[in-house]
Amino acid sequence: MKSQQSTQTMKPATAAKKLGVYLPATPASFQEGVVTRAELNELQANPPEWLRELRRTGPHPRPVVAAKLGVSIAGLARGGVTEALTTEQIEALKQEQPAWLEKERATQAEVRKEAARLKKLKQEPEESGAERG
Numbered sequence: 001m002k003s004q005q006s007t008q009t010m011k012p013a014t015a016a017k018k019l020g021v022y023l024p025a026t027p028a029s030f031q032e033g034v035v036t037r038a039e040l041n042e043l044q045a046n047p048p049e050w051l052r053e054l055r056r057t058g059p060h061p062r063p064v065v066a067a068k069l070g071v072s073i074a075g076l077a078r079g080g081v082t083e084a085l086t087t088e089q090i091e092a093l094k095q096e097q098p099a100w101l102e103k104e105r106a107t108q109a110e111v112r113k114e115a116a117r118l119k120k121l122k123q124e125p126e127e128s129g130a131e132r133g
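Taking the working numbering, I'd label the letters of the sequence shown as residues 1 to 133.
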């Protein structure tokens, strides 16, 4: 019997992570406050111009940079990329195709291939068991 439901809030860093943006690039008002679940939902549903611009041009946080380059976050670190990058910088890296990026993309492809193989292997006993039953 709760008479009053508490409002769920999160730190700006958590909200930025959920929005896929680099916290230091967000407006000061966002960085200094707390974000409620309702505010986060509103930002996701109807992003203001600053959020649309950040998503479009960056700077992007490392998980976004890694995804755009097709490598892991650890692969970024091994390649010497430790800072947030803009969309322009990411595109430049794609054009340059440095050796580390090619190597990390190949590594990531192997990891995905192995994960798919293991997933298929795990499903096979379930399927053969269903056929016998």
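Accuracy of the hints is not assured; some may be wrong.
Unchecked claim - Using C-beta positions, here's what the derived DEER-type ranges look like:
{"hint": "1", "residue 1": "GLU49", "residue 2": "LYS11", "range": "35 to 43 Å"}
{"hint": "2", "residue 1": "GLN31", "residue 2": "ARG56", "range": "32 to 40 Å"}
{"hint": "3", "residue 1": "ILE73", "residue 2": "ALA28", "range": "23 to 31 Å"}
{"hint": "4", "residue 1": "ARG62", "residue 2": "ALA109", "range": "25 to 33 Å"}
{"hint": "5", "residue 1": "PRO63", "residue 2": "GLN31", "range": "32 to 40 Å"}
{"hint": "6", "residue 1": "GLU110", "residue 2": "ASN46", "range": "18 to 26 Å"}
{"hint": "7", "residue 1": "GLN31", "residue 2": "TRP100", "range": "28 to 36 Å"}
Unchecked claim - Using 20 Å as the maximum straight-line C-alpha spacing, the simulated EDC-like pairs for lysine to aspartate or glutamate come out as follows:
{"hint": "8", "residue 1": "LYS120", "residue 2": "GLU83"}
{"hint": "9", "residue 1": "LYS113", "residue 2": "GLU88"}
{"hint": "10", "residue 1": "LYS68", "residue 2": "GLU96"}
{"hint": "11", "residue 1": "LYS68", "residue 2": "GLU91"}
{"hint": "12", "residue 1": "LYS120", "residue 2": "GLU110"}
{"hint": "13", "residue 1": "LYS94", "residue 2": "GLU83"}
{"hint": "14", "residue 1": "LYS103", "residue 2": "GLU53"}
{"hint": "15", "residue 1": "LYS18", "residue 2": "GLU49"}
{"hint": "16", "residue 1": "LYS103", "residue 2": "GLU91"}
{"hint": "17", "residue 1": "LYS119", "residue 2": "GLU91"}
{"hint": "18", "residue 1": "LYS17", "residue 2": "GLU83"}
{"hint": "19", "residue 1": "LYS68", "residue 2": "GLU39"}
{"hint": "20", "residue 1": "LYS18", "residue 2": "GLU32"}
{"hint": "21", "residue 1": "LYS113", "residue 2": "GLU83"}
{"hint": "22", "residue 1": "LYS11", "residue 2": "GLU39"}
{"hint": "23", "residue 1": "LYS17", "residue 2": "GLU32"}
{"hint": "24", "residue 1": "LYS18", "residue 2": "GLU39"}
{"hint": "25", "residue 1": "LYS113", "residue 2": "GLU96"}
{"hint": "26", "residue 1": "LYS113", "residue 2": "GLU91"}
{"hint": "27", "residue 1": "LYS68", "residue 2": "GLU110"}
{"hint": "28", "residue 1": "LYS18", "residue 2": "GLU91"}
{"hint": "29", "residue 1": "LYS120", "residue 2": "GLU102"}
{"hint": "30", "residue 1": "LYS122", "residue 2": "GLU88"}
{"hint": "31", "residue 1": "LYS68", "residue 2": "GLU42"}
{"hint": "32", "residue 1": "LYS122", "residue 2": "GLU110"}
{"hint": "33", "residue 1": "LYS120", "residue 2": "GLU91"}
{"hint": "34", "residue 1": "LYS17", "residue 2": "GLU42"}
{"hint": "35", "residue 1": "LYS119", "residue 2": "GLU102"}
Source of the hints: derived by calculation from the structure; they are not laboratory data.
Fair warning: this is a prediction, and the values are worked out from it, not measured in the lab.
Cβ atoms here follow ideal geometry from the backbone N, Cα and C, with glycine treated the same way.
We went through each hint and held it up to the structure:
1. GLU49 to LYS11: 35 to 43 Å: Given range 35 to 43 Å: violated, Cβ gap about 23 Å.
2. GLN31 to ARG56: 32 to 40 Å: 20 Å, violated
3. ILE73 to ALA28: 23 to 31 Å: Given a distance of about 27 Å, which is inside 23 to 31 Å, the answer is holds.
4. ARG62 to ALA109: 25 to 33 Å: This hint is violated: roughly 20 Å between Cβ atoms.
5. PRO63 to GLN31: 32 to 40 Å: Taking Cβ atoms as reference, PRO63 and GLN31 lie about 19 Å apart, which means the hint is violated.
6. GLU110 to ASN46: 18 to 26 Å: For ASN46 against GLU110, whose Cβ atoms are near 40 Å apart, the range 18 to 26 Å is violated.
7. GLN31 to TRP100: 28 to 36 Å: At 32 Å between Cβs, range holds.
8. LYS120 to GLU83: 37 Å, violated
9. LYS113 to GLU88: With Cα atoms ~30 Å apart, LYS113 and GLU88 exceed 20 Å; violated.
10. LYS68 to GLU96: 15 Å, holds
11. LYS68 to GLU91: Cα-Cα ~9 Å, so holds.
12. LYS120 to GLU110: 15 Å, holds
13. LYS94 to GLU83: 17 Å, holds
14. LYS103 to GLU53: 31 Å, violated
15. LYS18 to GLU49: 17 Å, holds
16. LYS103 to GLU91: Roughly 17 Å separates the two Cα atoms, so the pair holds.
17. LYS119 to GLU91: 33 Å, violated
18. LYS17 to GLU83: Given pair LYS17, GLU83 holds - Cα atoms ~15 Å apart, limit 20 Å.
19. LYS68 to GLU39: The hint is violated at about 27 Å.
20. LYS18 to GLU32: Satisfied, since the Cα-Cα distance of roughly 17 Å is no more than 20 Å.
21. LYS113 to GLU83: 29 Å, violated
22. LYS11 to GLU39: 12 Å, holds
23. LYS17 to GLU32: Roughly 15 Å between the alpha carbons, so the hint for LYS17 and GLU32 holds.
24. LYS18 to GLU39: 12 Å, holds
25. LYS113 to GLU96: Violated, at roughly 26 Å.
26. LYS113 to GLU91: Violated, at about 25 Å.
27. LYS68 to GLU110: 18 Å, holds
28. LYS18 to GLU91: 24 Å, violated
29. LYS120 to GLU102: Given that 20 Å is the threshold and the Cα spacing comes to 27 Å, the pair is violated.
30. LYS122 to GLU88: Violated: LYS122 and GLU88 sit about 41 Å apart, past 20 Å.
31. LYS68 to GLU42: 25 Å, violated
32. LYS122 to GLU110: Judged against 20 Å, a Cα distance of about 18 Å means the pair holds.
33. LYS120 to GLU91: 34 Å, violated
34. LYS17 to GLU42: Given pair LYS17, GLU42 holds - Cα atoms ~15 Å apart, limit 20 Å.
35. LYS119 to GLU102: Not satisfied, since the Cα-Cα distance of roughly 26 Å exceeds 20 Å.
Of the numbered hints stated above, those contradicted by the structure are hints 1, 2, 4, 5, 6, 8, 9, 14, 17, 19, 21, 25, 26, 28, 29, 30, 31, 33, 35, listed in ascending order.
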